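Peer 1: Numbering of the sequence shown is given in the numbering used here, commencing with residue 33 and proceeding in unit increments.
I should point out that these hints are in silico values taken from the structure, not numbers from a laboratory.
These figures come from a predicted structure and were not determined experimentally.
A portion of the hints provided could be inaccurate.
[As the list claims (entries may be wrong)] Computed spacing ranges between beta-carbons, pair by pair:
hint	residue 1	residue 2	range
1	L108	N210	28 to 38 Å
2	G81	V218	25 to 35 Å
3	R198	A49	18 to 28 Å
4	E221	M33	39 to 49 Å
Beta carbons: idealized from backbone N, C-alpha and C, even for Gly.
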Amino acid sequence: MTTTIAITGKGGTGKTAVAALLIRHVLRTGRVLLAVDADPDTNLPEALGETADRTVGDVREILMGDLPPDVDKMRLLESLIYEILIEKAGYDLLVMGRPDGAGCYCYANNLLRGIMDQVMKNYDLAIIDTAAGMEHLSRRIIRDLDHLLVVTDGSRKGLTTAERIRDLTDELDLGFKNIYIILNKVTPENR
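Work out the full structure, taking the sequences as your base and the hints as a guide.
Peer 2: Structure below.
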């Protein structure tokens, strides 16, 4: 069974740095690891010294395009996901990216959620670097996690953000087993 860890929190507090450090630490353990950059800004590849030429956003665009009616979208989606998976020594990296243009991506996102559940079964551990804020929580994009790491700073706004994230996860009953707060960028002034 895959252990899942997601990193979320206030913008600019070092979420991606925490994710990259955690990934580098896990690589020393020999566990089979999937790293997921679920932030539309796609900073995790760079933090790991990698580049991502194609993303899940690109796959989403293909699925939303004109496909022949006889195409099995689930099979196509699975094939495309494995094509964009970046395979590195000790881990694989999946970059979500962002869709181009306007419109509703609910159907494609639901397909992706199902495929992600299948893909993650191939790994001992999945570490997911998410976007700042709470939208990914309220849309239930991440759910049923083993560990949610909430990265924030020592400012009043940062602590309020962490509290709101915790409250929202409780309110939506997202099934997180453990929630941890990581205070980063703490100075003597905001202790």
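Peer 1: Does the hinted range 25 to 35 Å hold for G81 and V218 at CB?
Peer 2: 27 Å, holds
Peer 1: Kindly confirm whether 28 to 38 Å is satisfied by the beta carbon distance between L108 and N210.
Peer 2: 36 Å, holds
Peer 1: Do R198 and A49 keep their Cβ atoms within the hinted range of 18 to 28 Å?
Peer 2: At 21 Å between Cβs, range holds.
Peer 1: Should the hint that E221 and M33 are 39 to 49 Å apart at their CB atoms be regarded as holding?
Peer 2: Cβ of E221 to Cβ of M33: about 44 Å, so the range 39 to 49 Å holds.
When each numbered hint is compared with the structure, no violation occurs for any of them.
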